[in-house]
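Colleague: Each chain, letter by letter, is given below.
There are 2 protein chains.
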Amino acid sequence: MFDIIASGNITSVSGFLAGAVHAGIKSKDELDLAILCSEVTCKATGVFTTNQIKSAPVVLSQRHISKGRGQAIVVNSGCANACTGEQGLMDAMAMANLAAAKLGISPEKVLVASTGVIGVPLPMDRIRAAIPGIKPTQKGGHDFCRAIMTTDTKPKEIAIRVDSNEGQFTVGGVAKGAGMIHPGMATMLCFVTTDAMVSADFLRAALHSAVDCSFNMISVDGDTSPSDCVLLLANGLAGNELLDFDNGDAFQQALITVCTHLAKSVARDGEGATKLIEVTVERAEDEVWARQAARTVASSPLVKAAIHGNDPNWGRIVAALGRSGARVREERLDVYLNEVCVMKQGSFSPCNKADIVSSLTSRDVVLIKLCLNLGDGKATAWGCDLSEEYVTINSAYTT
Amino acid sequence: MFDIIASGNITSVSGFLAGAVHAGIKSKDELDLAILCSEVTCKATGVFTTNQIKSAPVVLSQRHISKGRGQAIVVNSGCANACTGEQGLMDAMAMANLAAAKLGISPEKVLVASTGVIGVPLPMDRIRAAIPGIKPTQKGGHDFCRAIMTTDTKPKEIAIRVDSNEGQFTVGGVAKGAGMIHPGMATMLCFVTTDAMVSADFLRAALHSAVDCSFNMISVDGDTSPSDCVLLLANGLAGNELLDFDNGDAFQQALITVCTHLAKSVARDGEGATKLIEVTVERAEDEVWARQAARTVASSPLVKAAIHGNDPNWGRIVAALGRSGARVREERLDVYLNEVCVMKQGSFSPCNKADIVSSLTSRDVVLIKLCLNLGDGKATAWGCDLSEEYVTINSAYTT
Chain L
275 MFDIIASGNI
285 TSVSGFLAGA
295 VHAGIKSKDE
305 LDLAILCSEV
315 TCKATGVFTT
325 NQIKSAPVVL
335 SQRHISKGRG
345 QAIVVNSGCA
355 NACTGEQGLM
365 DAMAMANLAA
375 AKLGISPEKV
385 LVASTGVIGV
395 PLPMDRIRAA
405 IPGIKPTQKG
415 GHDFCRAIMT
425 TDTKPKEIAI
435 RVDSNEGQFT
445 VGGVAKGAGM
455 IHPGMATMLC
465 FVTTDAMVSA
475 DFLRAALHSA
485 VDCSFNMISV
495 DGDTSPSDCV
505 LLLANGLAGN
515 ELLDFDNGDA
525 FQQALITVCT
535 HLAKSVARDG
545 EGATKLIEVT
555 VERAEDEVWA
565 RQAARTVASS
575 PLVKAAIHGN
585 DPNWGRIVAA
595 LGRSGARVRE
605 ERLDVYLNEV
615 CVMKQGSFSP
625 CNKADIVSSL
635 TSRDVVLIKL
645 CLNLGDGKAT
655 AWGCDLSEEY
665 VTINSAYTT
Chain P
275 MFDIIASGNI
285 TSVSGFLAGA
295 VHAGIKSKDE
305 LDLAILCSEV
315 TCKATGVFTT
325 NQIKSAPVVL
335 SQRHISKGRG
345 QAIVVNSGCA
355 NACTGEQGLM
365 DAMAMANLAA
375 AKLGISPEKV
385 LVASTGVIGV
395 PLPMDRIRAA
405 IPGIKPTQKG
415 GHDFCRAIMT
425 TDTKPKEIAI
435 RVDSNEGQFT
445 VGGVAKGAGM
455 IHPGMATMLC
465 FVTTDAMVSA
475 DFLRAALHSA
485 VDCSFNMISV
495 DGDTSPSDCV
505 LLLANGLAGN
515 ELLDFDNGDA
525 FQQALITVCT
535 HLAKSVARDG
545 EGATKLIEVT
555 VERAEDEVWA
565 RQAARTVASS
575 PLVKAAIHGN
585 DPNWGRIVAA
595 LGRSGARVRE
605 ERLDVYLNEV
615 CVMKQGSFSP
625 CNKADIVSSL
635 TSRDVVLIKL
645 CLNLGDGKAT
655 AWGCDLSEEY
665 VTINSAYTT
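Line by line, the protein sequences give chains L and P. Each residue of the first sequence is one higher than the last, beginning at 275 in our numbering. Each residue of the second sequence is one higher than the last, beginning at 275 in our numbering.
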């Protein structure tokens, strides 16, 4: 029912255009300023950071999206425009105004996002000079994706075509990582496009559900960014039957697929990471605790460092579980590492350590399963290993 | 009123003896098994890990200390005896029995602690063979300190002599770090001795107060260990006036001094650390939030990595504060880095970046002060920088 579109991205969806330029916000000669827009006004919804320090673009986009409408997103990398006071908010508004003028739409329909260093003002002269030169096209999705990258090593994008009883539609998405990733509500930046016709209430609920089981279940380093946001634009051009709570299953699943793909890409490409860690907690007391336990294990620096060294130090997994807050009864606990049972009912389970080391070494996805045997709660979280490279990247980011 | 005793430690206190041997629990030829004992029965109290996975020695020591009495502590490094099921508890009891037989006291007066790898059973044959060879003496405090070290690079010990209106007494302490440090209630292992005569209720309250502003305010890596405990033995041999809530100020301050010294030593010697980070939060809404905010900033991997690189990336400090849960109003926030104001009322404060980099580079203690300007809450937390070495140590701990 889902088809992943080869090399698909946000402009694989009807009626969406994108373009990007190098404005000189980043010192390297890389794309750093981009616009995504729809040919027609969209229903729009978003999920924003829970950090009490919110970047100026987050404050502005929350304001603009509050009426449920939007038509374009202007984004820069290289500077987060966070902790920049009143000037920051004026700069974010100026970005929206410049993009609106360029596209011939009203500024209230423009959402703004910025990512990069915190505490430094935007170089508005460069942005002002560069925006008119951005040429949004149907082929521009990939350039947009590259323009929002900071320490990301790989682009993160996807599009899927859905053929459902309610008609055909497409969902595309793009995201960027790669540090300060422990979304309290959303990840750094993610933009989702769709041509599906969807009721406003359902659109909002569907995005929250999708974010909850995807971006809210990843962690690179436990730090939640003031810039986090996931924005969804739905232009309704697909001509499908209007989707709502009673007939929106396929859309919900498509959104979960897109968000989960992007969230896992962000975790896998965490700063310095060499492996994706997938932690599944089963039979927890309830789902809330299962989520908490899975995220705690996936975020533990000691678990992450052990995985980096292909060290089956499962005691650290259990220690992280024990501090997660989830109820644990040691004598019921089973632990699996890459499908091998290493702990059964709270005690060491005889297993061949050399085999586990070899399986950890040869795979770039490490599976940790914790079966608590207490209830029906289940959840999966994703993280990445902790490498020397993470420290190297982050010990000289602004200098 | 306080005198720090030169090269003082737990056996600088009247009536306490200690000794240690190499039993072969660690592979290296290092001390790894030790006994601390008092000539007479002590009032005893302890603070233990909040991790739901508790090591067998923690379970046993909680049981033995429940009557408020103790006379000896037997400790090993190299194996935590955690996640070892029923066998682990039997082994911890055997350790207590062996030490009790050696000392000629009842096993209920013996407390047990173990630190090292989780999930591996204790080599009881080696412990059984080694305990009779331990010779506790008045000079044994430093050997005891070395015997409990794992990845610690430096011994952590102190003793202070107190001359108060209620009489003279001495307080000594020893602790070990250096990873899995984010005490939920206590740190890895800390043992405090005193010859003061103290009422049982006050002794318990005083230890909790001291731990709350010392060990509970440090973090190396955010992971809380199943082995955490702080144990305090008070043998009453000093002949001072009985100390209680109404006359115990000097004792309380002495205990805070000892615990804070040891806690800062643990943070400073965190795995791979090169710097101590001291985070002070002032004028928070209340003390609870001040504590939470200070700990969150001191634990942020991004702040820690920036400090490692002498990078004055204060945006990360503010981002960590913003996700701490403490109420923050950006427009009231002042931030100081090594006494230089880098943010004033939420905006970048003009300062010489080169000067800050130079002060970060030249000092091994970095001071971060956050003034929230919202209320009277104040707290200080300690952490350490995050280095490539931390990852190297922790990616091959069991292999």
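If you're looking for bench data, these hints aren't it; they were derived computationally from the structure. Be careful, since some hints might not be right.
Each pair of labels, with its calculated beta carbon distance range [said to hold, decoys possible]:
1. Lys618/L x Thr427/P: 32 to 40 angstroms
2. Ser623/P x Arg603/L: 49 to 57 angstroms
3. Ser473/L x Glu613/P: 54 to 62 angstroms
4. Ser483/L x Gln336/P: 39 to 47 angstroms
5. Pro406/L x Cys615/P: 38 to 46 angstroms
6. Ser340/P x Arg603/L: 16 to 24 angstroms
7. Lys302/P x Lys627/L: 38 to 46 angstroms
8. Gln619/L x Ser623/P: 56 to 64 angstroms
9. Ser636/L x Thr427/P: 52 to 60 angstroms
10. Ile279/P x Lys302/L: 54 to 62 angstroms
11. Lys627/L x Asp629/P: 29 to 37 angstroms
12. Glu304/L x Ser281/P: 51 to 59 angstroms
13. Ser483/L x Glu559/P: 28 to 36 angstroms
Listed next, the in silico DSS-like pairs over lysine-lysine satisfying Cα-Cα at most 30 angstroms (straight line) [as the list claims (entries may be wrong)]:
14. Lys302/P x Lys627/L
15. Lys618/L x Lys643/L
16. Lys428/L x Lys341/L
17. Lys300/P x Lys302/L
18. Lys627/L x Lys300/P
Note that this is a predicted model, so its numbers are computed, not measured. Backbone N, C-alpha and C define an ideal beta-carbon position, used for all residues, glycine too.
Colleague: Hint by hint, say whether it matches the structure.
Modeller: Structure-based check of each hint:
Range check, Lys618/L to Thr427/P: Cβ separation about 37 angstroms, and the 32 to 40 angstroms hint holds. For Ser623/P and Arg603/L, the Cβ-Cβ distance of about 52 angstroms falls inside the hinted range of 49 to 57 angstroms, so the restraint holds. At roughly 56 angstroms, the beta carbons of Ser473/L and Glu613/P sit within the given window of 54 to 62 angstroms. Separated by about 43 angstroms at the C-beta atoms, Ser483/L and Gln336/P satisfy the suggested range of 39 to 47 angstroms.
For Pro406/L and Cys615/P, the Cβ-Cβ distance of about 39 angstroms falls inside the hinted range of 38 to 46 angstroms, so the restraint holds. For Ser340/P paired with Arg603/L, a C-beta distance near 22 angstroms keeps the hint of 16 to 24 angstroms intact. Lys302/P and Lys627/L have their C-beta atoms about 21 angstroms apart, which leaves the hinted 38 to 46 angstroms range violated. A hinted range of 56 to 64 angstroms holds for the C-beta pair Gln619/L and Ser623/P, which are about 58 angstroms apart.
Distance hint check: the CB atoms of Ser636/L and Thr427/P are about 34 angstroms apart, inconsistent with the given range 52 to 60 angstroms. At about 57 angstroms, the CB distance of Ile279/P to Lys302/L agrees with the hint of 54 to 62 angstroms. Roughly 52 angstroms separates the CB atoms of Lys627/L and Asp629/P, a value that falls outside the hinted 29 to 37 angstroms. In this structure the hint that Glu304/L and Ser281/P lie 51 to 59 angstroms apart at CB holds, the actual value being about 57 angstroms.
Distance hint check for Ser483/L and Glu559/P: the Cβ-Cβ separation is about 33 angstroms, which falls inside the suggested range of 28 to 36 angstroms. In summary, the hint linking Lys302/P to Lys627/L is supported, as the alpha carbons are separated by about 22 angstroms, within the 30 angstroms threshold. This hinted pair checks out: Lys618/L and Lys643/L have alpha carbons roughly 12 angstroms apart, not beyond 30 angstroms. A threshold of 30 angstroms between alpha carbons decides the hint, and for Lys428/L with Lys341/L the separation of about 34 angstroms lies outside it, so the pair is violated.
Distance check on the hinted pair: Lys300/P and Lys302/L sit about 50 angstroms apart at the alpha-carbon level, beyond 30 angstroms; violated. Between Lys627/L and Lys300/P, the direct Cα distance comes to roughly 19 angstroms. Compliance with the 30 angstroms bound is thereby established for this hinted pair.
Of the numbered hints given earlier, the model fails hints 7, 9, 11, 16 and 17; all others are met.
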